[in-house]
Amino acid sequence: MAFNRLDCGTEVIGPVKWLEPINWKTAVDNCSDNYHVPTTHLSAILVQGRHLGIPRLTHEQQFESPNKHLFVNGHSLTLRFLERPDQARQSHGVTQENRALFEDYYRATLPEAERRLGSTRAGKLQLGNHSIFPNGVLGFRLAHPRGPLETEFWHFVVLEKDMPDEIKRALRIGNGNFNGVAGLFEQDDMDNWRGVTRSSLTPLARKYTQDLSMGVGRAGPDPNFPGMVAERYTSESNQRNFYRRWEEFMNARDWNDIPIEPSTAEYEGTATMKG
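Using my numbering, the first residue of the sequence shown is number -2, and each one after it goes up by one.
Calculated directly from the structure, the hints in this document are not laboratory data.
Please note that the accuracy of each hint is not assured.
Claimed, not checked - Taking CB as the label site, the calculated pair distances span:
1) Pro256 - Val193: 46 to 54 Å
2) Arg104 - Val155: 15 to 23 Å
3) Arg104 - Leu49: 16 to 24 Å
4) Phe78 - Asn248: 32 to 40 Å
Yeah, the Cβ is synthetic: ideal placement off N, Cα and C, and Gly gets one too.
Modelling step: build the complete structure from the supplied sequences, incorporating the hints.
Below, the structure is given as structure tokens:
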């Protein structure tokens, strides 16, 4: 998902809506739960790899990825640095057959994106898993609580307005195939989320607090990014930040009780929050 790259702006398709028998916070928790991916999503990853024409990921690539965790004010994301500015960004929808079309598009639009965002954001960073506090989940998707045991998902697809129709169609279908209501990744995740929600209700489970200790003490300020940054891809830094922020909201008497970390980022380019 990318906003503000081009002067033409973005357009949104959707939402597609469905219900899941889960607690909504479990879906947000999943956004930085990178250690489940090599097991839960193995079959989907193998299928995706064949479509992309890439070899199977090694153990080191899956568990020791250079992706960083960033978190501030309850928001969280992972990102990685690209090897080439024109490298195809969208994995859901990119295939061996259309990869060149995607790379040609990013190569052609890179000068405009660099003018608007600066060279780092435009050509060197790729967004990974992410959540927008409190209930934005993996892309432009919302997890609306319908009580503690049911969640209504709203699934949108975000596209740049001037994208070629062939790329728009590939992204729309690809997003649905992997994270849509019948998507491969969504079915994997939904099974986990439902199991977590159900098991949390058992008398035994309710005797224990949740353990989110993975990667404790391995995050701190970074001169290149706002907020706190964890270098370890496989950690629970973002989960701890999310639940800490949620606790602040639940304990606050009014908005004045909720601290907000100031923005420290120095943005390049001409784009603003207004366009």
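| query | Do Arg104 and Leu49 keep their Cβ atoms within the hinted range of 16 to 24 Å? | reply | 18 Å, holds
| Is the gap between the beta carbons of Pro256 and Val193 within 46 to 54 Å? | Roughly 29 Å apart at Cβ, these two residues miss the hinted range, so it is violated.
| request: For Phe78 and Asn248, compare the CB-CB distance with the range 32 to 40 Å and indicate the outcome. | output: With a Cβ separation near 38 Å, Phe78 and Asn248 satisfy 32 to 40 Å, so the hint holds.
| task | Could you say whether the range 15 to 23 Å given as a hint is met by the Cβ separation of Arg104 and Val155? | result | Hint holds: Cβ distance 21 Å, inside 15 to 23 Å.
The structure shown violates just one earlier hint, number 1.
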